[in-house]
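Participant: Sequence:
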Amino acid sequence: MRGKFITLEGMDGAGKSTHIPTIIAALQAKGLHVVSTREPGGTALGESLRDLLLHQSMHAETEALLMFAARREHIAQVIAPALASGAYVVSDRFSDASFAYQSGGRGVPAVKIEQLEAWVHADLQPDLTILFDVPVEVSVARLAGARSPDKFEQQDTAFFTRIRNAYLQRAEASPGRFRVINGNQPIEKVEQALMQIIASL
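Each position in the sequence shown, counted from 1, maps to that position plus 1215 in this note's numbering.
Since the hints were derived computationally from the structure, they do not count as laboratory data.
We put the CB at the ideal spot given by N, CA and C, even for glycine.
There could be a bad hint or two in this list.
Derived BS3-like pairs (lysine-lysine); straight-line CA-CA distance at most 30 Å [stated by the list, open to error]:
# : residue 1 : residue 2
1 : Lys1245   : Lys1366
2 : Lys1327   : Lys1219
3 : Lys1245   : Lys1219
Computed beta-carbon distance windows for the label pairs [claimed, not checked]:
# : residue 1 : residue 2 : range
4 : Ser1415   : Val1326   : 30 to 40 Å
5 : Leu1416   : Ala1337   : 20 to 30 Å
6 : Ala1244   : Glu1276   : 26 to 36 Å
7 : Thr1372   : Gln1271   : 32 to 42 Å
8 : Gln1330   : Pro1401   : 19 to 29 Å
9 : Gly1301   : Leu1267   : 13 to 23 Å
With the hints as constraints, model all of the structure from the sequences given.
Facilitator: Printed below as a string of C-alpha cells:
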C-alpha cells in the first residue's frame, strides 16, 4: 500500500521547522513508519545545491531550475521509494515553495513553474500540505537577530508579502489538500491544531 506524502510550507519565521518533531512523533505514535526530509536538500546532490541556492546570488530562473533539479533527485532517491514502501514522507517544503518564492517572491512567471512541475512530478502531489501562516511583520521580527540569515531571509518586507500572498492563493485554490494553521499563536495552540490534523489522517 502506498504511503502518504505530507508537506510543510510557510514563510521563513512562520514556525514550520519548530513543529516538525511534533508532527513526526504524532505519526509514529499511530504506528506509522515516517521518513523526514527537506527541500532544497534530502539527497547528497540536493544538499550541495541547497548551499548554492541559499547563499549564491543568481538569476531568478536559474534559481527555479536548480530548485527543480534538486527536487527531481529528491523524488527519485527518497520520496518515491519511501512512498512505494508504505512510509509516510514528511517534507519541509516542496513545489508550493517554488510557486511562493521563485514565482511570488522573485517574479518568475507562474506558467514556467507549472511547466517545471509537470515535467518533474506530473504524477506526484502531496496528500496533505500544512501551511504555517503568520503576518509578515511577525515573520520579519522572528528572523531579526536569529542565526546568520540566508539570502532569502535577508529580503525586504515586500518580498515576504508577495510570498505570503502566493502561499494563501495556493491554499485557496486547493482547499482539499491544504490545511492552514495560524502560526501567530502560542506553541500549545499550534500543536493542538496539528494534533487535530494528524488525527484526521
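Participant: It remains to establish, for every hint, whether it holds in the given structure.
Facilitator: To see whether the hints hold, each was checked on the structure:
1. Lys1245 / Lys1366: violated, 38 Å
2. Lys1327 / Lys1219: The given pair, whose Cα atoms are some 27 Å apart, holds under the 30 Å limit.
3. Lys1245 / Lys1219: holds, 13 Å
4. Ser1415 / Val1326: 30 to 40 Å: holds, 34 Å
5. Leu1416 / Ala1337: 20 to 30 Å: holds, 25 Å
6. Ala1244 / Glu1276: 26 to 36 Å: violated, 43 Å
7. Thr1372 / Gln1271: 32 to 42 Å: violated, 23 Å
8. Gln1330 / Pro1401: 19 to 29 Å: Violated, since Gln1330 and Pro1401 (Cβ atoms, about 41 Å apart) do not stay within the stated range.
9. Gly1301 / Leu1267: 13 to 23 Å: violated, 34 Å
When held up to the earlier numbered hints, the structure conflicts with 1, 6, 7, 8 and 9 and fits the remainder.
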